[in-house]
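A.B. asks: Here is how the chains run, residue by residue.
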Amino acid sequence: MFKKILIANRGEIAVRVIRACHELGITAVAVYSDVDRASLHVSKADEAYLIGPAPATESYLRIDKILDVARCSGAEAIHPGYGFLSESPKFARACAEAGVKFIGPTAESMEAMGSKTRARQAMEKAGIPFVPGTSRGLESADQAERAAEQVGYPVMLKAAAGGGGKGMRLVESRQQLRAALEAAQSEAQRSFGDDEVYIEKAILNPRHIEMQLIADQHGNTLWLGERECTIQRRHQKVLEESPSPIVDPEMRRRMGETAVRVARAANYTNAGTVEFLVDERKNFYFLEMNTRLQVEHPVSELTTGRDLVHLQIRIANGEKLPFGQDDVTIRGHAIECRIYAEDPDNNYFPSPGKITLLLPPAGPGIRHDSGSYEGWTVPIDYDPLLAKLIGYGADRGQAIMRLRRALEEYFAAGIKTNISLFKRILQDGDFVAGKLDTGYLDRLLASGNGTAAAADGNHVIAAVAAALFAILDPRAQNANGNAAHSTSNWKEKGRAEALQ
Amino acid sequence: MIYEVIVAGKTHRLELEKGEAGWNCRLDGNAMAVDAVLTRRDVLSVLAGGRSYEVKREQTATDLHLWVGSERFAVEVRDPRSLRGRRAGAAEELGAKKLVAPMPGRVVRVLVEEKSAVEVGQGVVVVEAMKMQNEIKSPKKGLIQKVLAVPGATVNAGDVLAIVE
Chain A
1 MFKKILIANR GEIAVRVIRA CHELGITAVA VYSDVDRASL HVSKADEAYL
51 IGPAPATESY LRIDKILDVA RCSGAEAIHP GYGFLSESPK FARACAEAGV
101 KFIGPTAESM EAMGSKTRAR QAMEKAGIPF VPGTSRGLES ADQAERAAEQ
151 VGYPVMLKAA AGGGGKGMRL VESRQQLRAA LEAAQSEAQR SFGDDEVYIE
201 KAILNPRHIE MQLIADQHGN TLWLGERECT IQRRHQKVLE ESPSPIVDPE
251 MRRRMGETAV RVARAANYTN AGTVEFLVDE RKNFYFLEMN TRLQVEHPVS
301 ELTTGRDLVH LQIRIANGEK LPFGQDDVTI RGHAIECRIY AEDPDNNYFP
351 SPGKITLLLP PAGPGIRHDS GSYEGWTVPI DYDPLLAKLI GYGADRGQAI
401 MRLRRALEEY FAAGIKTNIS LFKRILQDGD FVAGKLDTGY LDRLLASGNG
451 TAAAADGNHV IAAVAAALFA ILDPRAQNAN GNAAHSTSNW KEKGRAEALQ
Chain B
1 MIYEVIVAGK THRLELEKGE AGWNCRLDGN AMAVDAVLTR RDVLSVLAGG
51 RSYEVKREQT ATDLHLWVGS ERFAVEVRDP RSLRGRRAGA AEELGAKKLV
101 APMPGRVVRV LVEEKSAVEV GQGVVVVEAM KMQNEIKSPK KGLIQKVLAV
151 PGATVNAGDV LAIVE
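Sequences listed follow chains A and B, in order. The letter at position 79 of the first sequence is residue 79 when you use our numbering, and the numbering goes up by one with no holes. The letter at position 57 of the second sequence is residue 57 when you use our numbering, and the numbering goes up by one with no holes.
Accuracy of the hints is not assured; some may be wrong.
Heads up, simulated DSSO-like pairs for lysine-lysine below, C-alpha to C-alpha not over 30 Å straight-line [as the list claims (entries may be wrong)]:
1) A/K166 x A/K201
2) B/K10 x A/K423
3) A/K282 x A/K435
4) B/K18 x A/K354
5) A/K354 x B/K115
6) B/K146 x A/K354
7) A/K44 x B/K131
8) B/K131 x A/K166
Treat the hints as calculated values from the structure; they're not laboratory data.
Given the sequences, and given the hints that come with them, work out the whole structure.
C.D. replies: Printed below as a string of structure tokens:
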């Protein structure tokens, strides 16, 4: 087994990988940027090295600096987490050349899946169902018109190098096509430095369901159940669950076997995820493969009882998977909420700043994977994901009730978070009934601000508490920004006595 | 001890007196017994009317809020000794208004020039945080008296970006 692993990431995922290292008796090496000195992953690691200024391009994306740290510290392997360099074939190759094991697939597998058009070509060859459309980039507007006629409107234009909804346009009719194509191409060029755009039939009101895979370096590729990731905002996942409310064992087996074929077509190793679009009649189509550990991996860990990061490390170490497909059973139900530092009252705009109070939930069926702590200042430079709150129960109903209970316990002050959004989703009738499609969250948000009916008398408690806070904790400031009271113990004592 | 407490814009008169166990309160004339313990900084355990509340306190650069259950209240406490000089601030509404950064971030662009006229809601400065750009808008119609924001500079929540008069 490796003795030392470098984690080329930050935030909650770096902490999560460090924990796995410690569980396996491996020394964990962290890297950090100037603004992350006080971040949790630095203090949880056994060693930590500064790799540069705040912008990721000068720190967490610097292959040379990260490999320097690997060399100096004697790390034998690198776990990339998700985001940053996790899907960079260049990084995987540089690791191999430096003699450091990259914990993930090979550069070749990443390249096969990295471009959506290349992936579609590979799926065509392997006979995997994918959304009808072109498998190559569009060369002209005329060709786009012909292709759109063929698959039938509405169609979707998508960037080959795309992700996160960039370079994507829904086109409902021929009149809109040319302008949309130009817009998609220029956005793709700006976002990815590559203007290749292809056409797909638009599937209306789809679900987004993905299959977790794990593959060792000895030819064993297994599926570990699906995750329902339909609840999205601006093409970003917000809440995920496993199993999906609409997938039965037979559909799960078919999706799993299809996903395994996708992985085999790319000679895939380590942990990966195949994403499918599912239409209203439960037909599923290959969408893309994510060649890394996913943010939402904990829900699969809870329902399969397998630690995916442990498995990733063991596979990279050359070990065989210690179980077979028949040993994989899905037990219970897990739901994940992505807790972001963002302001629900200001269109979910990021809300960095100092966390002045943090009361994280705990108790039965609750897992809280966090990269933050009370007193920490959330930097302005990175993704606003603070933590992941995962609820587990014997069935979906219990998982929902546990999460609702945990969200009532959960409190953060100083920054804004989207905790209130999850309270709303988990109370919503359509969610509880499992009636979801990718437009679900926009509809929920459009249906009002969802503020709960004010409980009578809470304002009375607030009034009394306001004065009692001022008496019991006089160091605090009042609303004017002046010290409400002097900190003199003499004065305090005098005041307390005067009140008796 | 008498306090003036403003909760969500409404002013209440609160009388507080330390009792045998807990506090004897009179809020706008209504009596109630309250037991309160500070369980940690910014968290107050309140027992009142047969119920238990975990009240949390949140302070920003400009405001004080209390959370009771899932409800958030803007509060302000005045005791008789700190009332002096308070009302003077009200006049400021009519004069110059400061444009402050609502969150820490980096100034990307300044959209107006000094001495230029702005409308209510017109964008004045663009601040970027976590890869998202946010236009800070003018709170009133008037003239830009001064621009303090400098493109590229880092700002903290509450920093003054510009002054509109």
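A.B. asks: All hints are to be evaluated individually against the structure, with a verdict given for each.
C.D. replies: To see whether the hints hold, each was checked on the structure:
no.	hint	in the structure
1	A/K166 x A/K201	18 Å, holds
2	B/K10 x A/K423	28 Å, holds
3	A/K282 x A/K435	13 Å, holds
4	B/K18 x A/K354	35 Å, violated
5	A/K354 x B/K115	35 Å, violated
6	B/K146 x A/K354	29 Å, holds
7	A/K44 x B/K131	27 Å, holds
8	B/K131 x A/K166	14 Å, holds
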